[in-house]
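Peer 1: Sequence:
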Amino acid sequence: MTVRKKRCPRSDSSWLDSVVEGPDTGYSGQFFLWQGGAGSPCGSPLDLYLSIYRIRLGCACTRRPRNQRKKRNIMHILNARLRGETTLVDIEIEGERIARITPVPETREHAPRPGDYDAAGRLVTPQFVEAHIHLDYANTEGVPRENESGTLFEAIEIWGERKRLGLHTKEDIKVKALAAARRAAEHGVGFIRTHVDVTDPSFAGFEALAELRDEIRPWCDLQIVAFPQNGIYAFAGGDKLMERAMDAGADVVGGIPHLEPTREAGVASLAWLFDLAEKHSAPIDVHTDEIDDPHSRFVEVMAAEAAKRSMGEQTVVSHSVAMAYYSPGYIARLMPKLAAAKVRFAVCPNENLHLQGLGFSGPVPRGVAPVKTLTEYGIPVSFCQDSMSDPFYPMGDGDLLRILDSGLHVSHMLTPQHLPTALDFITSNPAGNLGMTDHDIAEGRAANLLVLDATDDREAVQTKASVLLSIHRGTEVLRREPSAPTWTIEDGTPGNDPA
1 MTVRKKRCPR SDSSWLDSVV EGPDTGYSGQ FFLWQGGAGS PCGSPLDLYL SIYRIRLGCA
61 CTRRPRNQRK KRNIMHILNA RLRGETTLVD IEIEGERIAR ITPVPETREH APRPGDYDAA
121 GRLVTPQFVE AHIHLDYANT EGVPRENESG TLFEAIEIWG ERKRLGLHTK EDIKVKALAA
181 ARRAAEHGVG FIRTHVDVTD PSFAGFEALA ELRDEIRPWC DLQIVAFPQN GIYAFAGGDK
241 LMERAMDAGA DVVGGIPHLE PTREAGVASL AWLFDLAEKH SAPIDVHTDE IDDPHSRFVE
301 VMAAEAAKRS MGEQTVVSHS VAMAYYSPGY IARLMPKLAA AKVRFAVCPN ENLHLQGLGF
361 SGPVPRGVAP VKTLTEYGIP VSFCQDSMSD PFYPMGDGDL LRILDSGLHV SHMLTPQHLP
421 TALDFITSNP AGNLGMTDHD IAEGRAANLL VLDATDDREA VQTKASVLLS IHRGTEVLRR
481 EPSAPTWTIE DGTPGNDPA
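The UniProt record's numbering puts the sequence shown at residues 1 to 499.
Errors might be hidden in some of the hints.
Below are the PhoX-like pairs computed for lysine-lysine, each with C-alpha atoms no more than 25 Å apart in a straight line [said to hold, decoys possible]:
1. K240 <-> K279
2. K308 <-> K279
3. K372 <-> K337
4. K308 <-> K337
5. K170 <-> K240
6. K342 <-> K279
7. K372 <-> K342
8. K163 <-> K240
9. K176 <-> K163
10. K464 <-> K372
11. K342 <-> K308
Since the hints were derived computationally from the structure, they do not count as laboratory data.
Produce the complete structure using the sequences and hints provided.
Peer 2: Here you go:
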């Protein structure tokens, strides 16, 4: 039962007692129970009214007369191309969902309606999903100082300095995180899972992102991972701060076992984190083995805990760059365990290419988990941004097509086998990480979709296709016009004479 206070819209003294999701009614929806009080238009101590359209119980003053009820928005995307299909279709969106998908007729009975969009044969995909980013770190690069070595460990030191110097304020974090989220949305992202550092007794980052989660909901769904950047045992009171974050409404349990004081402490931390996740019925997403050390093998502990607790589909292994250093023999033994446990992976190719391998004098390893091998074992992998201009990574603009391009290159996956479904790495795969099982283009699905300036996955990756239209839960978020350069030089080609 979820308890939430609301005041009756026509009374100063009536409070909502409870809001309950109603599993035993057979309906899904919110049930509002208004407690009548002095001056309440409800009149009696408890008046219940049922709105069959919203499946909502509430006081009479919350209901609109039938002729004033808001009509459901209807929009059509015409001449759309779906992934892997050659026949163009029309997509009808009604309210928040895709109502119908029909082949384009030979002749149209009527002209496009106001608000309809002509995709003109371009690709329609689900909105992109950012499954691993740190919005509370965004746009902090260079303050209080630059990361001169470029290493992960100096970045962690700088982040600690920000907290000690009081630079880590809720207001500042919120402004910077919003800017980062908006930039990602401009590149087609409609869903974000952000890790938020809770090893900060001020809780500034968590409070900022919790507020932002509500404020950006009209155009982006945001999940918050309670992330102990400095460890739960390595940082005094880290476990208590994790519990506080989950009690305060964090969506996901995070962790970082390779930064705990010992291997044994790291193993113990994972057991504790899984216990916490079970207590809150929450998924778990752990920074695992993000270190240039072939002996860092917490990924196998993650898989074992997930399998033991039947939590594999709710378990995400993030980074796991040490897998790039494992011997072929160990990889051959590990992969079947990961597949059997049904864990999922979040890989950040750009950032880990930057952070890893800096201490090597000989051939520099790539420092990215073996994505191609993981996919061959049927293990879902997502490509993610990780950072946007912070002590860990000075670049990053939220463009997941750029990340996808890098990930395919570094993973040797620019092949006829992988390119036709490349967008899975930033759509359906990360959607699974976030617990979304219906993130596709089909009748009855939520209308979360993009029109890309491309005709298939390969072209979208090759050209870093622009997002021409973005729709989130049936509401248009943004649109832009296709663009092409205008040649201004006489090159002898017919039609290219600037005069």
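Peer 1: Hint by hint, note whether the structure agrees.
Peer 2: Results for each hint:
no.: 1; hint: K240 <-> K279; verdict: 14 Å, holds
no.: 2; hint: K308 <-> K279; verdict: 16 Å, holds
no.: 3; hint: K372 <-> K337; verdict: 16 Å, holds
no.: 4; hint: K308 <-> K337; verdict: 12 Å, holds
no.: 5; hint: K170 <-> K240; verdict: 20 Å, holds
no.: 6; hint: K342 <-> K279; verdict: 21 Å, holds
no.: 7; hint: K372 <-> K342; verdict: 17 Å, holds
no.: 8; hint: K163 <-> K240; verdict: 18 Å, holds
no.: 9; hint: K176 <-> K163; verdict: 16 Å, holds
no.: 10; hint: K464 <-> K372; verdict: 22 Å, holds
no.: 11; hint: K342 <-> K308; verdict: 11 Å, holds
Of the hints listed earlier, there is not a single one the structure fails to meet.
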